[in-house]
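Undergrad: Residue strings, one per chain:
2 protein chains.
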Amino acid sequence: MIITVIGIGLIGGSLALSLKQNGFADKVLGVDQNESHGEKAKELGIVDEIVSFESGIKEADLIVLAAPVNAIVKILPKVLDLVDHQIVIDVGSTKEGITLAVKGHQHRGRFVATHPMAGTEYSGPEAAIPDLFTGKCTVIVDREDSDPDAVKTVEEMYQSLQMNIVYHHSHEHDIHTAYVSHISHISSFALALTVLEKEKNEKRIFELAGGGFSSTVRLAKSNPETWVPIFEQNRDYVLDVLDEHINTISKFRTLLIKKDFESFYKLIQQANQIRRIVN
Amino acid sequence: MIITVIGIGLIGGSLALSLKQNGFADKVLGVDQNESHGEKAKELGIVDEIVSFESGIKEADLIVLAAPVNAIVKILPKVLDLVDHQIVIDVGSTKEGITLAVKGHQHRGRFVATHPMAGTEYSGPEAAIPDLFTGKCTVIVDREDSDPDAVKTVEEMYQSLQMNIVYHHSHEHDIHTAYVSHISHISSFALALTVLEKEKNEKRIFELAGGGFSSTVRLAKSNPETWVPIFEQNRDYVLDVLDEHINTISKFRTLLIKKDFESFYKLIQQANQIRRIVN
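So the sequences go chain by chain: A and B. Counting from 14, one number per residue, gives the positions in the first sequence under our numbering. Counting from 14, one number per residue, gives the positions in the second sequence under our numbering.
Errors might be hidden in some of the hints.
Because identical chains cannot be distinguished in the list, a pair is counted as satisfied if it fits within a single copy or across any two copies.
Once the Cα atoms are required to be at most 25 Å apart in a straight line, the calculated SDA-like pairs of lysine to any residue come out as [what the hints assert, rightly or not]:
#1 LYS213 <-> GLU257
#2 LYS71 <-> THR147
#3 LYS234 <-> VAL291
#4 LYS234 <-> ASP158
These are calculated hints, taken from the structure and not from any lab test.
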């Protein structure tokens, strides 16, 4: 199978590497607006060739859109205009805006909207790693809007990566990812900014920052090119959960002000319940 | 050297294991209010014997206070009442309250206030691991208030664990740890509570929670027995940095409401500066 990856960064690049390695792809073509990204991806053996947008679509059996989500919203209709038999997927972190962009498109059936839930705080082709997806979860949304053969091939692709597939509606997907992914990023960005603001003496942070701090601010290294479009696309749900988050932090603040450490204890015990869900 | 550990949990237990393993301690005696912790620690080979508070002090060359910080504040003066030549250290996460509790004590010089900056989200003797401290940073505070021979032995102990030693005033220590450690915990507790509150369908969280979420809520598994006393001791500094943190998150909220994604982008770029400090 020939696969074209449009946008060869962390996610697109990792997918390309993995699918070449496990033999699902016989050949991977790369399309990237950023010329140096394209060259780097070829140099690193992530893609076999860098091709034009049109050739990438024409020559492929499967096209993967791995650009930032606002770019996917714009590119996807153009890709669907050009396909007939090819299968198109996207791997963006938001799904409502993307599916809406091709609602009613004559080739909508060739498109399968997906979200492999994997990543690191790094970006660009250099960040691509072959085992990024192994054992992780991938979401296929609005399955009923895609042609059954297209869904089947995409399922086979994710299964070849040993991913667990779950099925959501696009709306439901965006709410849940606001909760478990997008808000974690804002929390981490804010924590990093707070510490950078309060702690002008960076040597002290460096000396004292233990594993706890490093793990809590890890996501704060995530790049704005990827993340601003995600917050733009998922603004309403993120705002909702952000309000809840601010209320919860303020609860801790109020209890500290009141010196009500009994209630503080109970809140921590409640938070500990997250153990049931995350190992 | 005979070392007595008072409070054999994650930190005290890990210290006991490491110091036996590297030969710094010839024998480790354990003192724990919680009988089952004591038995468990003996069973796991963390301590050689469980002894009474009085024997633990009398028989030791070095006494390590590894109880929750509010307990250390209460126990430390009693320990110093009983020592003459022995060295006493604590390993608590706050330092002002603890040093204040023995200010002017006739045996103050035998006490060295320390904070090895290491930990995990687990607790109790079962959580003890021998390599917890290797390569991490430890703080010795108010060095000038301790006898030089006591400081020297404590430095040798931490060097035997391959720890980097830094020296702070107790006041300065508590401010810095509020920034880089305590606030991370509140942020993580609040994030866990927010998600648990908003996401009633736990199966969905479980399916979708990727590495990013897991790393951001890792500290939310930390136990209240350890952490409430820390927040109690370090309340004022934590409140100060908590206000800043709430302001920063609210900044993100305002920009989302205004759809000012250009400023949102700049804020993320600023947060990315944390890369300079945390790898």
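Undergrad: Cα distance capped at 25 Å. Does LYS234 pair with VAL291 within a copy, between copies, both, or neither?
TA: This pair counts as both: shortest intra-copy Cα distance 22 Å, inter-copy 9 Å.
Undergrad: If the cutoff is 25 Å on CA atoms, where do LYS71 and THR147 land: within, between, both or neither? Let me know, please.
TA: neither (30 Å within a copy, 56 Å between copies)
Undergrad: Have a look at LYS213 and GLU257 and pick one of within, between, both or neither, based on CA distance no larger than 25 Å.
TA: Close across copies (14 Å), not inside one copy (30 Å); limit 25 Å.
Undergrad: Could you place LYS234 and ASP158 in one of the four classes (within, between, both, neither) given a Cα distance threshold of 25 Å?
TA: neither (36 Å within a copy, 40 Å between copies)
Checked against the numbered hints above, the structure violates hints 2, 4; every other hint is satisfied.
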